[in-house]
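**Student:** What follows is the residue order along each chain.
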Amino acid sequence: MSRLVVRRKAIARALAGELAPAEEQGLRAHLARCARCRAHYDRLALAAEAIATSAGGEARVAARRERARLEAALAGASGGALAAPAPRRRARRWLPAALALAPAAAAIVWIVRVAPPPSPGDAAPAVTFRGGAPDGAAPPAGLLVYASRKEGAAGHGPVRLVADLPASGEGRLSLSDYMQLSVRGLRAPAFVTVVGVDDGGEVHVYVPRPGAAPARAAPRDAPASLGPSIDLGRGHRPGRLRLYALVSGEPLDEARVRAAAARLDRGRPGAPPLDLPVPQVAGLLMIEP
Amino acid sequence: VVAAGSSAPAPAPVDPGTVARFQRGDREAFLIVHDACAPALRPLVARFFPRPFEREEALQEVWLHAYRIAATYDPARGELVPWLRAVAVNRCKELLRARGRRPDARASLDEGALARLLAGEPDPEVATRAERLRAAVARFSATLSGEEAAVFRLSLLEERTHEEVAAALGTSARRCKYLRSKLLARAAAHPELRAALEEVIDG
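Sequence lines, in order, name chains A and B.
Anchor point for the first sequence: position 81 equals 81 in this note's numbering, and the numbering is continuous, going up by one each time.
Anchor point for the second sequence: position 31 equals 31 in this note's numbering, and the numbering is continuous, going up by one each time.
Chain B extracted, bound-state conformation (with noise of 0.2 Å):
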């Protein structure tokens, strides 16, 4: 799922160069290993905060934390992504800390697949969470029109812009951007994807 729910997908290598600027505080180096890692810590964070608003808050925590200690990472003592997956897990419990929380009982309780996010692997019960997502979604697109599931593939599940999307079916990208809204909406309130999101809420 969303990042909430999925294993983390494997990080883009980042050559030993862009690592060692990355220590040093350059942001261009940072921001490289940030586009080749993010996805690898997505999943991670969310374990600890599935819904968006605080995941996102949560991931540039983690991000902006890891640019001021960057200077401590030794790559002698391993590699970038288990100690960037280690720093991410960290900083989760400091912020759920500071805000008076208990960590997730699913971060704190189920060590065993904490310790899977860690080191990468999948979790057969996220996947399987994963799994009735994606057929929640094929069930909704099924319910819409011509027009709505032209812009369902086009916007949401392709990520087109308006304009872009407009070009291909030959409307305004006003039309395109309110078509847009509306399907998301239906799409938030669709009974059965609803359940499915819910599930990847709660764990």
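Just chain A, with the same shape it has in the complex (with noise of 0.2 Å):
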């Protein structure tokens, strides 16, 4: 059976809602990425809902769909990022972009802002820091992304922080950097497994290493190195690279990893939670050339 047959009986069992989350989500990411797939699985979907509601009801399956997808989010993003909802706050949309452009900014002027003395009851905090977990939902650890230049057959340049997951929630770097990873903030002793996804869809496993055993990291509040640094020149395209610290009690099976990996929505913003029932600690690399 040819695989477009295969994933047109995928979509016909997908709307007749027979589709297991796992197996759905693995073809929501095909469909994403498939023009083709997708204009079929439009069309009947189209019409699958235009006859559930020709008699002036509701499409009950792809409502039951909608929940089911809605649950599995909920749930495989267990803290994550949606492990509980942002504490009271007053929604400030301006803070990401203004976070972002503060250090050339801060040459220039201070920005103050005063923040409302707090009524009583109201213990929301003042600021909101993008991608960090909100109160009570700590993150499992902290990320943090290192690059240096390559310099000449051996060497390289200077040590630059480029991403302090989650808190900063995204980063910059390019093919001509090596690129290190650490760990900190780890509450109990756990095994540490970081894999990007790019958006072609290529899964780096970056810890740990191909053929190395998995070591158990300590808990410490200094950063702990997570192996050697990583050649970006090598394997590497640029664009997006989605970043993903997954923690967890014992080792996790690499093709398991990988393959929550190639699952991810990559239609999706952000760094959404792979598939996976750990906790994640995850962010966005930007690779330029």
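No lab work stands behind these hints: they were computed from the structure.
Keep in mind that the hints are not guaranteed to be accurate.
[As the list claims (entries may be wrong)] Label-pair restraints from in silico Cβ distances: (1) Glu288(A) <-> Ser172(B): 55 to 65 Å; (2) Gly170(B) <-> Pro251(A): 51 to 61 Å; (3) Ala149(B) <-> Pro210(A): 57 to 67 Å; (4) Gly56(A) <-> Pro16(B): 22 to 32 Å; (5) Arg60(A) <-> Ala167(B): 16 to 26 Å; (6) Ala76(B) <-> Ala215(A): 47 to 57 Å.
[Claimed, not checked] According to the in silico footprint, chain A covers these stretches of chain B (three or more CB under 8 Å from chain A): (7) 28-39; (8) 131-140; (9) 164-176.
Even glycine gets a Cβ: it sits at the ideal position worked out from N, Cα and C.
Each of the two chains sits in its own frame; use the hints to bring them together as a complex.
**Tutor:** Structure follows, in structure tokens:
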């Protein structure tokens, strides 16, 4: 049976509400990048909804699928950014942009904003930190991404901090960099698996190194290196790289991690959580040429 | 129509205790709110994303965003459904911007229609399209043979499971599954129905 036929059957099963959440997620990952299958899906889904609603009711199967996906997303994000919603605070849409521009702007002007005095019973924090975990749902660890520019045969330039995940949310480096990963703030001894997924769907497992035995990282506040530097000039391409640190009590099976990374819905913005039931730290790296 | 055309059905009421738990981030309460209010949001999101795959993705984004910012909802300032509608419209516009696309002309230019949707009022134009679609579905179903018509009604119209359809018709679930799949493909290719569906997508 050809792959096309298999996918068409999967689409028919999905529309009948017969796919398991993981299967559906895999199908959707494919639909996000395959215009032909997506057009087929759209045609059949529209027809199914039109028929189901022609008697005046709702498309119940589509509604059930929507809820199942929502439940899966909430469950898959346990320990991640969706572990709990943000505590009550006023929306400050300008803050991420202001934080990004702060280093340049600081040389010119200090922007001071006085927080309103807290009202009794309202202990909301005055600032929303982008990417940071909400109160009561501290991230399982911090993933630090360092970079240093390649110089000469084996040399490198000064090391700079590129991202402090999840707090910074994203970072920027280039194909001319070596990348170094560290973890800090683990609350208990744990295995840390670090995986990256680029825009083309290519999956890079950075930690543990291929062929190396997984090592349990100790809880400590200071950053602990997760292995040797990674040469981004090899096997990487310019564009976005979604980076995940998975924290688990037992070593994760690499094939399972790769499969979850391959199922990632890259049509969604940012770094949506991987479909794995372990605490995760995620962020977005922009790799420049 | 489908979500893209119909006016928003009236949302089921959500009791204040559930709303309070929703604000605190309780997942069970969030899902209760979803079940009650999702029918009101689907047509709204469909105005921005008429194609099913994109619409489904956008709906996920809208609800996950609503979950993240649930604590910002203040019952003293208004009802929950209008708040959710505003969240949905803003999130849809953000998603379109993030994808480098302009908001759909119908959503950005026809502010009257959008305002009606935000208020949960029916859109006469959309209602007319939905009526044409219903007529097209009826004419398609009139072309079916006896067994096909029965499977069409039970499986596609009433959305029963293959096992339920098989039990009702005294046949195998496998045959029902096969017929459902064939009928859906035929419906999608039926000229009149197809034209009505394209009208939904193109607005």
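**Student:** Could you work out which earlier hints the structure fails to respect and list their numbers in ascending sequence?
**Tutor:** Violated: hint 9 alone.
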